[in-house]
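Colleague: Line order of the protein sequences matches chains A and B. Heads up: the first sequence begins at 1 in our numbering, then just goes up one per residue. Heads up: the second sequence begins at 1001 in our numbering, then just goes up one per residue.
Don't read these hints as lab results, they were simulated from the structure. Just so you know, these numbers come straight off a predicted model, no measurement behind them. The reader is advised that the hints may include incorrect statements.
[Stated by the list, open to error] Part of the chain B face toward chain A, derived, beta carbon under 10 Å: (1) 1002; (2) 1003; (3) 1005; (4) 1013; (5) 1021; (6) 1084; (7) 1087; (8) 1093; (9) 1097; (10) 1098; (11) 1133; (12) 1199; (13) 1221; (14) 1223; (15) 1248.
C-beta atoms are modelled at their ideal positions from N, C-alpha and C, and glycine is treated no differently.
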Amino acid sequence: MIVTKGLRKSFRPRRGAAAVDAVRGIDLSVAEGEIYGLLGPNGAGKTTTLRMLATLLVPDGGAATVAGADLRAAPGEVRRRIGYVAQGGGTTDQATAREELVLQARMYGVRKAEAVRRAEQGLAAFDLAEFGDRVCKTYSGGQRRRLDLALGVVHRPRVLFLDEPTVGLDPRSRSQVWAEVRRLREQGMTVLLTTHYLDEADALCDRIGIVDNGGIVTEGTPEELKQKISGDSVTIGLPDPAATTGAERALAELPCVQRLEALPGEDGLRLHVDSAATAIPQLLRTLAAVGIEPEHVQLQRPSLDDVFLALTGRALAHSS
Amino acid sequence: MKLVRDTWLVYQRQLLLMARSPVWIAVGLLQPLCYLLLFAPLLTSALAASGAHSTSDAYRIYVPGLLSALALMGGLFTGFTLLGELHAGVIERSRVTPVSRVALLLGRALRETTALLIQSVLIAVLAIPFGLTVGLADLLLAMALLALMALMASSVSYGLALLVPTDAALGPVVNTIAQPLALLSGTLLPIALAPVWLRTAASWNPCYWAVEGMRALFAGHLDAPEVWRGLLLTALLTAVAVAWSARLFAQRIR
Ligand SMILES: Nc1ncnc2c1ncn2[C@@H]1O[C@H](COP(=O)(O)OP(=O)(O)OP(=O)(O)O)[C@@H](O)[C@H]1O
Ligand SMILES: [Mg+2]
């Protein structure tokens, strides 16, 4: 559904200023009916990639086909087949949701009567009916975002681009948006979204591409990515600082411990081990031998955060 | 056909938004009244130098100039409304749809043109009790010329707003263009009063010819050369301005 090859874009903020390489060659392949997530920190080039694929920016180099249409040769055809929801949305304060939906459908060439019908369906499907005749200015962030989504699909596109669909939403609105996105996929839509929320990528996407510095660092299913980090991590809570130093000294000797560090801001340790299943009994035995009683022991499967850290050497700032 | 349909779509939406902003309507209607009421007592004596011997004569010189100034200034400053839409992402959302790019511009410019025409008709009608006399054919042609001027000025303004898309930068740019343009068109005072060098400069300003056309029409000289010269020049410029701005709409949205 979406195939890109070496897509590039750089910006020149001012004449004469040094160019910013926002996207430095992105290769993507998204299958029909897939939810693909581009995960990356601020400024990674996610929005720029999406705007190129949505025909809003002309790429400096590379090629792409979207829903079977060539991005360079037939941008008009691409436009007809896709929906795009921008990072900041795009609703008019003084218009109502219904008016916006009708106008959007009509801009895609839908006839008036049909557009009115689709607006009605959109209001119902995205839970907007209650305030659909109030002007957008009065909507909450979540309501507005659901309207953005409804606008993005009112013409029933085959491919949908979502730029940070849940940024700034509370947990309830977020899961509501996730449910909508899953429902769209069930209807056969292909979704390419961007996010810098790890849990979002993990929960929603079939496949994830991790973007950093204008390129895809790695991609795979959330499970595959997590397996790229070998081993598990274990957190041990301890009663006081003295116990923490004692435990640190005793556990550092163990061959199954790859690395350990004190927990920031509380008494306890975080350890990286080859396999938690065999390591935990050894850890507990060793602690008992030096007379330290742990308060709790927690096993942590690696998160996408760990993947990102391992691949780029930096932590993702905005994990929620 | 698609262009006409799309333009109509955008235009309808713009009219709706205009109708929802009562402040705009109040200002839009009060402003012309103020011009007429406050300037009326000044007119006769001020314009005596350019051959106005009665209030009626004065209005024939003043009203067409005032209308031209409104069309040019109103048009040139309309780019600021586009900034809001750019900011809200409305333009970007439209640009992802297959809607015609020219329609995105024309629908908006025509909204502005409509607003200015309503104001103009109002002023012209209100000026009649003050002593303005103007034939229906002349008035209709004058309105056509005004519509072209408004369309041209708003297209230019939208183009500028796309080039310098911040409030702080757009203001000075528009002012720099609007001030000399208004002066060198002789909108408020006929340029005939000016020294020779200023008159030469003005003759290079296409808007000057449009304003001359307006004055000829209000003087009842339907067949004067100024009329067709003004119309032709303005039509030509409008076409250029619309083409330029539409091209920016297609390319240049951040
Ligand atoms: N119109 C532009 N002019 C100049 N530089 C730009 C422009 N658009 C983006 N950039 C730069 O390109 C880089 C990538 O930006 P982009 O918006 O694609 O990042 P992003 O991954 O979407 O980040 P975020 O998570 O903050 O939305 C940034 O360094 C940004 O400053
Ligand atoms: Mg972004």
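Colleague: When the nearest CB of chain A is found for residue 1013 of chain B, is that gap smaller than 10 Å?
Modeller: Because about 6 Å separates residue 1013 of chain B from the closest Cβ in chain A, which is inside the 10 Å limit, the hint holds.
Colleague: May I ask you to test the interface hint for residue 1098 of chain B with respect to chain A, counting a Cβ-Cβ separation under 10 Å as satisfied?
Modeller: Nearest chain A Cβ about 5 Å off; hint holds.
Colleague: Does residue 1133 of chain B pass the interface check with chain A, least Cβ-Cβ distance below 10 Å?
Modeller: Since chain A brings no Cβ nearer than about 41 Å to residue 1133 of chain B, farther than 10 Å, the hint is violated.
Colleague: Checking hints one by one. Is residue 1093 of chain B an interface residue toward chain A, by the C-beta closer than 10 Å rule?
Modeller: Residue 1093 of chain B check passes; min Cβ-Cβ to chain A is 3 Å, inside 10 Å.
Colleague: Tell me if residue 1002 of chain B is really an interface residue toward chain A, meaning its C-beta lies closer than 10 Å to one of theirs.
Modeller: 8 Å, holds
Colleague: Is the interface hint for residue 1248 of chain B satisfied, with its Cβ closer than 10 Å to some Cβ of chain A?
Modeller: 14 Å, violated
Colleague: For the hint on residue 1087 of chain B, just tell me whether its beta-carbon gets within less than 10 Å of chain A.
Modeller: At 9 Å from the nearest chain A Cβ, residue 1087 of chain B passes the 10 Å test, so the hint holds.
Colleague: Interface hint check: residue 1005 of chain B, Cβ to nearest Cβ on chain A, cutoff 10 Å. Holds or violated?
Modeller: 9 Å, holds
Colleague: Against chain A, is residue 1199 of chain B within 10 Å by beta-carbon distance?
Modeller: Cβ of residue 1199 of chain B sits 38 Å from chain A, so the hint is violated.
Colleague: Hey, does the residue 1084 of chain B contact hint survive, CB to chain A under 10 Å?
Modeller: 9 Å, holds
Colleague: Would the stated hint for residue 1221 of chain B survive a check requiring a Cβ distance to chain A of less than 10 Å?
Modeller: 44 Å, violated
Colleague: Tell me if residue 1223 of chain B is really an interface residue toward chain A, meaning its C-beta lies closer than 10 Å to one of theirs.
Modeller: 45 Å, violated
In this structure, the earlier hints numbered 2, 11, 12, 13, 14, 15 are contradicted, and the remaining ones agree with it.
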